[in-house]
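For the sequence shown, counting from 1, position 127 maps to 139 in my numbering; every step adds exactly one.
What the hints contain is simulated information worked out from the structure, not anything from laboratory work. Computed from a prediction, not measured in an experiment: that's the story for all the values here. Check the hints yourself; a few may be wrong.
The list that follows gives simulated cross-link-like pairs (lysine to aspartate or glutamate, EDC-like), each with its CA atoms no further than 20 Å apart [unchecked claim]:
id, residue 1, residue 2
1, K798, D606
2, K241, E208
3, K770, E689
4, K365, E330
5, K311, E366
6, K365, E350
7, K361, E342
8, K711, D741
9, K622, D587
10, K650, D606
11, K576, E590
12, K395, E412
13, K311, D708
14, K622, D799
15, K372, E302
16, K311, D362
17, K693, E574
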Amino acid sequence: MKKLFTRMACALALCIGGATALSASATFKVSVLTPSYNEGINIIPRPKQLKLRKETGFALVATTPVIASGDSALTIARFFTEKINRSTGFTLRAVQGNKAAQRGIFVRIDPKLALGDEGYTLHSSKLGIEIVGRTAKALFWGFQSLMQLLPAEVEASHQILGASSYEIPALSIQDEPAFEYRGVMVDVCRHFLTVEEMKQHIDIISMFKINKLHWHLTEDQGWRIEIKKYPRLTEVGAWRTEGDGSRYGGFYTQDQVREIVRYAQDRFVTIIPEIEMPGHGMGAIASYPELTCFPNRRKYSVRNIWGVEDDVYCAGKESTFEFIQNVLNEVVPLFPGEYFHIGGDECPKDRWKECPNCQKRIKDEGLKDEHELQSYVIRRAEKMLAAHGKKLIGWDEILEGGLAPSATVMSWRGEDGGIQSANMGHDVIMTPGSGGLYIDHYQGDPKIEPVAICCYAPLEKVYNYNPIPEAIAPDKRHHIKGAQTNLWAEYLYTTELMQYRAFPREIALAEAVWSPISHRDFKDFTRRLDNAYVRLDMHGAKYHIPQPEQPLPGVDPKESYEKKVASLNFIAFTDSAELTLTSSRPIRIVYTRDGSLPTLYSETYRAPLKVTKSEVIRVASILPSGKTSPVRDITFEKQTLAPALQVANPTPGLRTKTSIGSYYQTSDLLGVMNWTEGVAKRTQDLRPDVVKNHMDEIKPKAVIGEGYVKIPTDGVYVFSTDLDQLYIDGKLLVDNSGEVAKFSRRDKSVALQAGWHKIRLIFIGAVRGGFPTYWDGAGVSFRNIKDSKFSNITEEMLAH
13 MKKLFTRMAC ALALCIGGAT ALSASATFKV SVLTPSYNEG INIIPRPKQL
63 KLRKETGFAL VATTPVIASG DSALTIARFF TEKINRSTGF TLRAVQGNKA
113 AQRGIFVRID PKLALGDEGY TLHSSKLGIE IVGRTAKALF WGFQSLMQLL
163 PAEVEASHQI LGASSYEIPA LSIQDEPAFE YRGVMVDVCR HFLTVEEMKQ
213 HIDIISMFKI NKLHWHLTED QGWRIEIKKY PRLTEVGAWR TEGDGSRYGG
263 FYTQDQVREI VRYAQDRFVT IIPEIEMPGH GMGAIASYPE LTCFPNRRKY
313 SVRNIWGVED DVYCAGKEST FEFIQNVLNE VVPLFPGEYF HIGGDECPKD
363 RWKECPNCQK RIKDEGLKDE HELQSYVIRR AEKMLAAHGK KLIGWDEILE
413 GGLAPSATVM SWRGEDGGIQ SANMGHDVIM TPGSGGLYID HYQGDPKIEP
463 VAICCYAPLE KVYNYNPIPE AIAPDKRHHI KGAQTNLWAE YLYTTELMQY
513 RAFPREIALA EAVWSPISHR DFKDFTRRLD NAYVRLDMHG AKYHIPQPEQ
563 PLPGVDPKES YEKKVASLNF IAFTDSAELT LTSSRPIRIV YTRDGSLPTL
613 YSETYRAPLK VTKSEVIRVA SILPSGKTSP VRDITFEKQT LAPALQVANP
663 TPGLRTKTSI GSYYQTSDLL GVMNWTEGVA KRTQDLRPDV VKNHMDEIKP
713 KAVIGEGYVK IPTDGVYVFS TDLDQLYIDG KLLVDNSGEV AKFSRRDKSV
763 ALQAGWHKIR LIFIGAVRGG FPTYWDGAGV SFRNIKDSKF SNITEEMLAH
């Protein structure tokens, strides 16, 4: 397609509207002008072999004939011609035939094609297009590549393209995947996805030739699939009471499961269900307490905090295995794929050690210890699945105590489990967090990104992952079947946030496990990603766009990126300041200083910005489509050094007052009268308890600490804390009230003289978004704004 990307095309992107640019619900039609993101070859994953010819390409028009040889080919051809018709207004019609039509598209399945089962060829010239797949799924992948040779807007659900023809370049593709298992894991237990949201996700991953969806269906935090023999699993186990008292949950009926599975099958995505055992079972135990070792020990309820329950299925009771068998009897027939995942991870052995039934089982079966008892459970589950013709997959803990004979290991605790299993002759699916495949981890600066569990998994790390470690013997490397990303959902509070974490990292994984390692080119991948972003827009999906971030001063350039940034949205200064911006990967950054929203036409950031007066600078990253990252408002405030106070006879520590009660945010403390006074030596002492397993271990409370903090030298200081509020000299500086403050994202700076300054701290004991504030460190750290490292406020710095 000719390059006609002009200011008019830019205006088109802008008129759609900033952060919602190119949404699938827009009513405009894309003009014949070619935006930059539609230029070039944008196929993801990158084909194994592609030869572009310098000649006239194929013109796709409304009346282009589409001929398919055979019923399966015809079904696939109709699937894609209907998609093209919806977005273009064309009237393409796929019909059956054994001969190509002139200036048409001819597709067929050829089992003799000299490629693997998912291999295909695609040839285009001005005379026509031919797609040949060795199997039906291979032909489907070939069609997906053809779709990516058309404008990105072809993915729209209604007419959005307005040209009379589209040129497909003259080229030849011969393609097949490097790995047979190309997967994503979706956790619907911590946070639920509806049927339509599951379908949307399937549409997107199949677009990029991902062929496995691992569906995590049961957990301590919820049971998500109907079991007719055990109705309480969804009456009770599917619902939890959140920290704010609200009820959360949901489940899929068996008919809905069948609907989703069929939908995935039509897109050549195999769904692999996971029913966790013997740990992570509180959803079931809350419904049927007799499944645990000590049914009467306490009142069991679906876990409303993250982490792992100590109470697990009792491996000593035969009734537990009857339950597992009955559940599998209902679940297995819903899923036609060859694999079934039984979890097997993070199973505490504490209850088994004290359970007479479990100890009897260990003795009767001649087992060495509780680890071998877990292997006993897994082996029995494997036999149940084998009777249904299924292969067992488990997390790498199933290695402990001996591996079930035909089990496939999913290696998540680094690569060691996968290396050991492959060298033993077991099939392996690689999914290590250390390789960047835990995509619930951060992909930018934690100071401004939505809260995540931990760690850093940037796009480039996912893209560069190699599923075959060198430590695997060459003759055992065929046991590595592929890799998958894991999208754990503890901190994915909305579908939009789930997609923000998933995309584009799932797309990077798609290329990592399809394309040969020799084809890896991250720079070119990010170019093609600009086109993929618009395809995501057409599907109504959200995704991550790297934000403008602020580097720390004086950090060694060799440090990893996440250690070089600490963004700040409120910056105090006494004379002048400078705003330096970077991003986790190259992207255009724009800014305004007049209060307006940054857009495609805003000033491009090229060098640090000088600040001499109080003002707000608005910054965002922007894609070629005109879509922006979240806009950051960075406030600069010119201050004089706040004077130090004279404190006569300071006494170490902070005065505290504590109130027992169920509070959720700081505003709940207004009017509270029942306070108990005390003294805290350290800020960490304001958090009076640590929750290990259940909230009923402690009495909920709020604590306020007041006194003075001694600042070492004159300067502007950045303060950070995961407590609810921090006041300095009577002014609210850090406000995390009501937030999931696992990590502070509300740091601020203030200009202070050396010496004593008033400090006030508030701790609210609550569960917010599944995270108990009792897990917070409750420390307060600070740094001179010119320095790169934070220091903790020590007890020597506190007085009252």
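Right, here's what the structure says about each hint:
1. The straight-line distance between the Cα atoms of K798 and D606 is roughly 27 Å, outside the 20 Å bound, and the hint therefore fails.
2. The hinted pair formed by K241 and E208 fails the criterion: a straight-line CA distance of about 27 Å is larger than 20 Å.
3. A threshold of 20 Å between alpha carbons decides the hint, and for K770 with E689 the separation of about 18 Å falls inside it, so the pair holds.
4. In summary, the hint linking K365 to E330 is supported, as the alpha carbons are separated by about 17 Å, within the 20 Å threshold.
5. This hinted pair checks out: K311 and E366 have alpha carbons roughly 19 Å apart, not beyond 20 Å.
6. In summary, the hint linking K365 to E350 is not supported, as the alpha carbons are separated by about 35 Å, beyond the 20 Å threshold.
7. For the proposed pair K361 and E342, the alpha carbon gap of about 28 Å is over 20 Å, so the pair is violated.
8. Taking the CA atoms of K711 and D741, the gap is about 31 Å. The hint is violated against a cut of 20 Å.
9. For the given pair, K622 sits about 11 Å from D587 by alpha-carbon distance, which is consistent with the 20 Å threshold.
10. Annotation: proposed proximity of K650 to D606 holds, straight-line Cα distance about 18 Å (limit 20 Å).
11. The hinted pair formed by K576 and E590 meets the criterion: a straight-line CA distance of about 17 Å does not exceed 20 Å.
12. Proximity of K395 to E412 is assessed by CA-CA distance (about 18 Å); at most 20 Å being required, the pair is judged to hold.
13. Of the supplied pair hints, the one linking K311 and D708 holds, its CA atoms being roughly 10 Å apart against a limit of 20 Å.
14. Taking the CA atoms of K622 and D799, the gap is about 19 Å. The hint holds against a cut of 20 Å.
15. For the given pair, K372 sits about 18 Å from E302 by alpha-carbon distance, which is consistent with the 20 Å threshold.
16. For the proposed pair K311 and D362, the alpha carbon gap of about 18 Å is at most 20 Å, so the pair holds.
17. A hinted pair counts as satisfied when its Cα atoms are at most 20 Å apart, and K693 with E574 does not qualify at roughly 32 Å.
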